[in-house]
Amino acid sequence: MANFNITDPNSFLKEQMMETLRLVIDPELHVNIIDLGLVYGIEIDDHKKLVTVKMTLSSSYCPMGESIVSAVKNCLEGHYGGYVASVELVWEPVWCYDSISEEGKRLLGM
Amino acid sequence: MNSIKQNPGIFRIVVTHYVTAALCFLVLSVMMLFSLKAFTGHYFHPQILAITHMAALGWGTMIILGASYQLIPVVLETDLYSEKLAWISFGLFLPGLIALVYSFWTFVPGIHMQCGAVLLLVSFVLFTVNVYLTAKKKKQQTIQEDFIFSACLCLCFTAILGAALVFNFTIPIFGQGHLHFLKLHAHLGLVGWFLLMLIGVSSKLVPMFLVSSYQKTGLLTASYYLVVTALVLFLVDSYLFGLSFRTYLIFAAGAAGISCYLIFILKCLRSRLRKQIDLPMLNSFLSFIFLKVAVLTVPFIIYFHLKNNPATIRFSMIYGEFMLLGWVTALILGQTFKTLPFIVWVKHYEHLTGKFKTPMPADLFANNLLKAQTASFIIFCLTFMPGCYFMVVPLICTGVAALIITAGIYLCNVFIVLFHKTITYGKL
Numbered sequence: 001m002a003n004f005n006i007t008d009p010n011s012f013l014k015e016q017m018m019e020t021l022r023l024v025i026d027p028e029l030h031v032n033i034i035d036l037g038l039v040y041g042i043e044i045d046d047h048k049k050l051v052t053v054k055m056t057l058s059s060s061y062c063p064m065g066e067s068i069v070s071a072v073k074n075c076l077e078g079h080y081g082g083y084v085a086s087v088e089l090v091w092e093p094v095w096c097y098d099s100i101s102e103e104g105k106r107l108l109g110m
Numbered sequence: 001m002n003s004i005k006q007n008p009g010i011f012r013i014v015v016t017h018y019v020t021a022a023l024c025f026l027v028l029s030v031m032m033l034f035s036l037k038a039f040t041g042h043y044f045h046p047q048i049l050a051i052t053h054m055a056a057l058g059w060g061t062m063i064i065l066g067a068s069y070q071l072i073p074v075v076l077e078t079d080l081y082s083e084k085l086a087w088i089s090f091g092l093f094l095p096g097l098i099a100l101v102y103s104f105w106t107f108v109p110g111i112h113m114q115c116g117a118v119l120l121l122v123s124f125v126l127f128t129v130n131v132y133l134t135a136k137k138k139k140q141q142t143i144q145e146d147f148i149f150s151a152c153l154c155l156c157f158t159a160i161l162g163a164a165l166v167f168n169f170t171i172p173i174f175g176q177g178h179l180h181f182l183k184l185h186a187h188l189g190l191v192g193w194f195l196l197m198l199i200g201v202s203s204k205l206v207p208m209f210l211v212s213s214y215q216k217t218g219l220l221t222a223s224y225y226l227v228v229t230a231l232v233l234f235l236v237d238s239y240l241f242g243l244s245f246r247t248y249l250i251f252a253a254g255a256a257g258i259s260c261y262l263i264f265i266l267k268c269l270r271s272r273l274r275k276q277i278d279l280p281m282l283n284s285f286l287s288f289i290f291l292k293v294a295v296l297t298v299p300f301i302i303y304f305h306l307k308n309n310p311a312t313i314r315f316s317m318i319y320g321e322f323m324l325l326g327w328v329t330a331l332i333l334g335q336t337f338k339t340l341p342f343i344v345w346v347k348h349y350e351h352l353t354g355k356f357k358t359p360m361p362a363d364l365f366a367n368n369l370l371k372a373q374t375a376s377f378i379i380f381c382l383t384f385m386p387g388c389y390f391m392v393v394p395l396i397c398t399g400v401a402a403l404i405i406t407a408g409i410y411l412c413n414v415f416i417v418l419f420h421k422t423i424t425y426g427k428l
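First to last, the protein sequences are chains A and B. Counting in our numbering, the first sequence runs from 1 upward without gaps. Counting in our numbering, the second sequence runs from 1 upward without gaps.
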């Protein structure tokens, strides 16, 4: 999970973007990708107006992977005009149960 | 990016197979309506042969091939080798199926039946080549790949033996009786093709849809070797010596293999992340019960066969019905509404997600229709199977009527998904 770094001038914007990404819902699980723990972090390049989302998927060849990635880009570019979003899919650390937030577990009925 | 892009060409192939299979399912149920009396007799009967091939090929195999073009790239984690090969395979499959089923129904074992068998054989060989070349693109080998490729080989062998049996009607090929080879042909199809393919694909999809934390493949590996060993031993032993007490041991190995698979599914179910099980998955779990029941009938078939008791024919009928109309059908009836809505949803909404509120894949089919379909299918199973065993025609008739309703509802729901119009519920 991303940490809030008080020395980073983009920390507040990053937190805002993380909150915005709660609008992206996993089409099969019907839970947002932040509570599922799929997003590992956000990097912002202010000069190039570029946002890079480091995230994973629940399985390495998730058939909905392309849709989730597309939703992440659409969501950030739609809410933060002027920024271009890209997604970097990573498989380390491997996504697991423990990545899900308490709210995510509640939504999944766990 | 390690994920699959939805390809419009693949979408057309998959949808064509799904629609054709849904129509075949309806035709199959109507064919059964015109053959009620035949279900009380021997399985080597023209109408039963036509119905069996419509169920196994037009319904089961057609939808498995269609789903394979979408799912094999997911399971094998690489793109499909050739769309053109897939279309050619379909182009040979459909006329082959019509020719074969029609000539079984009228029982004219001439040129039409032979052409049908050859067309089907070529179609399955092309499908297998496509799967092999798809799998070859990938370096890492998984147990699912072994299941799928072995299943494809068995499909080809089933078709080769089937074609030989068709030619045997007019040109004597086999010294031994037709029924002797029919048994081998049926098991190559049921165990070699359907069982291996469905275990291979479902062992990847069930954990994916349940979001299960169970990742171990030991049970699947054991299942693969036990089922394949049992199948090979059965084919060799029963070809050379017919059924004997050894058949019980071979059956035990196969049953142990199926049990390993069912334990794997149970472990996935227990470790699932998503607690609520939806109706399509419930249908799929119902299918596993049918598979278990079908397996339990096998010792009775062997026992009565060895005693020369005609009850073996009733148990053989029940076995085939539980495998094709119970297990395979229930799995398809459920998984269609897991896979098809996703395929259609991606086409309609992938570019809109994150911008607008959109329906979810599960919103694309009519849930009430799926409930009605499940209810009528359960009525079919509760009436048709006992009706066939006890040879009670009114029960068989009730069951077939319920199956026609099931097929009609299923077809409607498939069209509801396919003719879905893009809708959004405002900006995010």
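Quick caveat, the hints were computed from the structure, so don't treat them as lab data. By construction, the Cβ of each residue, glycine as well, lies at the ideal position given by its N, Cα and C atoms. Don't take each hint at face value.
[Said to hold, decoys possible] If you want a taste of the chain A side facing chain B, the calculated C-beta under 10 angstroms gives, among others:
#1 Met18
#2 Glu28
#3 Tyr40
#4 Gly41
#5 Asn74
Checking each numbered hint in turn, tell me which of them this model violates, lowest number first.
1, 3 and 4
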